[in-house]
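Colleague: Listed here are the chains, written in short residue letters.
Number of protein chains: 2
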Amino acid sequence: MDKPSPTTRDRLVNSAVFLFWDRGFAGTSMSDLLAHSDVNSGSFYHFFESKEALLREVLDWYIRGLRPYIAEPAFQAADEPIARIFAILAGYRERILQTNFRYGCPIGRLALEIDPENQPAHQLIAQNFKNWVGVVCECLDQVAHRMPKGTDLDAVATYVLVIMEGGVMLSRSYGSVEPFDRAVSQLREHFRLLLAPASKLASRPGRAGSKKQTARR
Amino acid sequence: MDKPSPTTRDRLVNSAVFLFWDRGFAGTSMSDLLAHSDVNSGSFYHFFESKEALLREVLDWYIRGLRPYIAEPAFQAADEPIARIFAILAGYRERILQTNFRYGCPIGRLALEIDPENQPAHQLIAQNFKNWVGVVCECLDQVAHRMPKGTDLDAVATYVLVIMEGGVMLSRSYGSVEPFDRAVSQLREHFRLLLAPASKLASRPGRAGSKKQTARR
Numbered sequence: 002m003d004k005p006s007p008t009t010r011d012r013l014v015n016s017a018v019f020l021f022w023d024r025g026f027a028g029t030s031m032s033d034l035l036a037h038s039d040v041n042s043g044s045f046y047h048f049f050e051s052k053e054a055l056l057r058e059v060l061d062w063y064i065r066g067l068r069p070y071i072a073e074p075a076f077q078a079a080d081e082p083i084a085r086i087f088a089i090l091a092g093y094r095e096r097i098l099q100t101n102f103r104y105g106c107p108i109g110r111l112a113l114e115i116d117p118e119n120q121p122a123h124q125l126i127a128q129n130f131k132n133w134v135g136v137v138c139e140c141l142d143q144v145a146h147r148m149p150k151g152t153d154l155d156a157v158a159t160y161v162l163v164i165m166e167g168g169v170m171l172s173r174s175y176g177s178v179e180p181f182d183r184a185v186s187q188l189r190e191h192f193r194l195l196l197a198p199a200s201k202l203a204s205r206p207g208r209a210g211s212k213k214q215t216a217r218r
Numbered sequence: 002m003d004k005p006s007p008t009t010r011d012r013l014v015n016s017a018v019f020l021f022w023d024r025g026f027a028g029t030s031m032s033d034l035l036a037h038s039d040v041n042s043g044s045f046y047h048f049f050e051s052k053e054a055l056l057r058e059v060l061d062w063y064i065r066g067l068r069p070y071i072a073e074p075a076f077q078a079a080d081e082p083i084a085r086i087f088a089i090l091a092g093y094r095e096r097i098l099q100t101n102f103r104y105g106c107p108i109g110r111l112a113l114e115i116d117p118e119n120q121p122a123h124q125l126i127a128q129n130f131k132n133w134v135g136v137v138c139e140c141l142d143q144v145a146h147r148m149p150k151g152t153d154l155d156a157v158a159t160y161v162l163v164i165m166e167g168g169v170m171l172s173r174s175y176g177s178v179e180p181f182d183r184a185v186s187q188l189r190e191h192f193r194l195l196l197a198p199a200s201k202l203a204s205r206p207g208r209a210g211s212k213k214q215t216a217r218r
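Residue numbers (our numbering), protein chains in the order written: chain P, 2 to 218; chain X, 2 to 218.
Bear in mind the hints are in silico, worked out from the structure with no lab data behind them.
Any given hint could be a false lead.
Same chains, same names: a pair is fine if it fits in one copy or spans any two.
Each computed EDC-like pair below joins lysine to aspartate or glutamate, with the alpha-carbon atoms no more than 20 Å apart [as the list claims (entries may be wrong)]:
#, residue 1, residue 2
1, Lys131, Glu179
2, Lys131, Asp61
3, Lys131, Asp182
4, Lys52, Glu118
5, Lys150, Glu139
6, Lys52, Asp39
Owing to the predicted nature of the structure, the values given are computational and were not obtained by experimental measurement.
The shape of chain P in the complex, shown without the other chains (with noise of 0.2 Å):
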């Protein structure tokens, strides 16, 4: 077969995952591609039509990537579900910690960099933030009946999602991990007082005036 070497296929995806999120989409050239990668021009062509074709495969990376680097870790790192919410966060402070500040969640930055017409790229992040609160959601899914009723766990799992991206982009312009602490510790209270334990039901009192009312507690 004349085919190239699927290593070299994998070569230029591994350099793309690391040149967007380093230096965004625009910012890596078609040069900068072939040289990080060690791959010329022809057998790039021969794997992509486009750089775009390359985001699209580097998208589809990250959707792999969900289980095993997001979501596992954190699954083994705790039982409980809510604790297991806080563990993927706590994975994205390691992130923030160990690149010094530097990091900038890879599928944030293309969300903001990508230009809108771009949709084959905008539903593969979408698909990327969409698998990501799913992962959330089979958390909170375990902890519904202790939520108010008709709690929606896909809104809340969401708001997770947003909390984690604002954090990290705070973070890096503040170049400290105290906007990120900040976030996740308002989160905790959140869930705090969303969540307040099944023990304490029998002293708290329904409050009036509110849907909420009828909240297990």
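For chain P, the structure is supplied; the task is to place chain X on it using the hints.
Modeller: Below, chain X alone, put in the same frame as chain P:
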């Protein structure tokens, strides 16, 4: 005097504000800037030593714009302090809708794009964020007496900014205002839980095992 007219400088700044928002910093070439502002290269370098210097001017422009363009319209739309915070957020919702979901917060975009080595720019980005947080803090100060004792108002205000930034980001890739709306409605719930009306104070028991036991609600 032999300086070019001040309007030349303004045109450069206005074009950079638009282009850095629309295409990003790396995605805006020097020739894009000159063509969009109808300024020649010599005039550019009369005012700015580099694209980076123009970026700093743009970030200063946003700092100056916070009160007139973000805070004041919201403060005129509502009197009650928490309503003012949600009026600021409603302003971003409008921007998301008006731009047909293309909107990305220009400061957030630059926070994730600009190289962390570019400290002068990141300090100005952080200053933008801090001033925004300061505006929200002004509102929170007025309802501090309704919050649990010891609540870190700056942390709550940072939380609001984090949610705005993350919500705008997700809405851009989803092509829908829904993630922003969901995040804001959870934030509303957070304030509802944090700021239970004074009239309910007497009916709610303190909770053991928490320093929030002393919360005035």
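Colleague: Give a verdict on every hint.
Modeller: Going down the list of hints, with the structure as the test:
With identical chains, the CA atoms of Lys131 and Glu179 are at most 20 Å apart between copies only, with a shortest distance of 12 Å across copies and 27 Å within one. For the homomeric pair Lys131 and Asp61, the shortest alpha-carbon distance inside one copy (13 Å) is at most 20 Å, but the shortest distance between copies (35 Å) is not. Taking CA atoms no more than 20 Å apart as the test, Lys131 paired with Asp182 passes between copies only; the shortest distance there is 16 Å, against 24 Å inside one copy. Within a single copy, Lys52 and Glu118 get their C-alpha atoms as close as 15 Å, which meets the 20 Å cut-off; across copies the closest is 26 Å, which misses it.
In the homo-oligomer, the alpha carbons of Lys150 and Glu139 lie at most 20 Å apart inside one protomer (17 Å), although the nearest pairing across protomers, at 34 Å, exceeds that limit. Taking the shortest alpha-carbon separations for Lys52 and Asp39, only the intra-copy value of 16 Å comes in at or below 20 Å, while the best inter-copy value is 31 Å.
The structure fails none of the hints (numbered hints given earlier).
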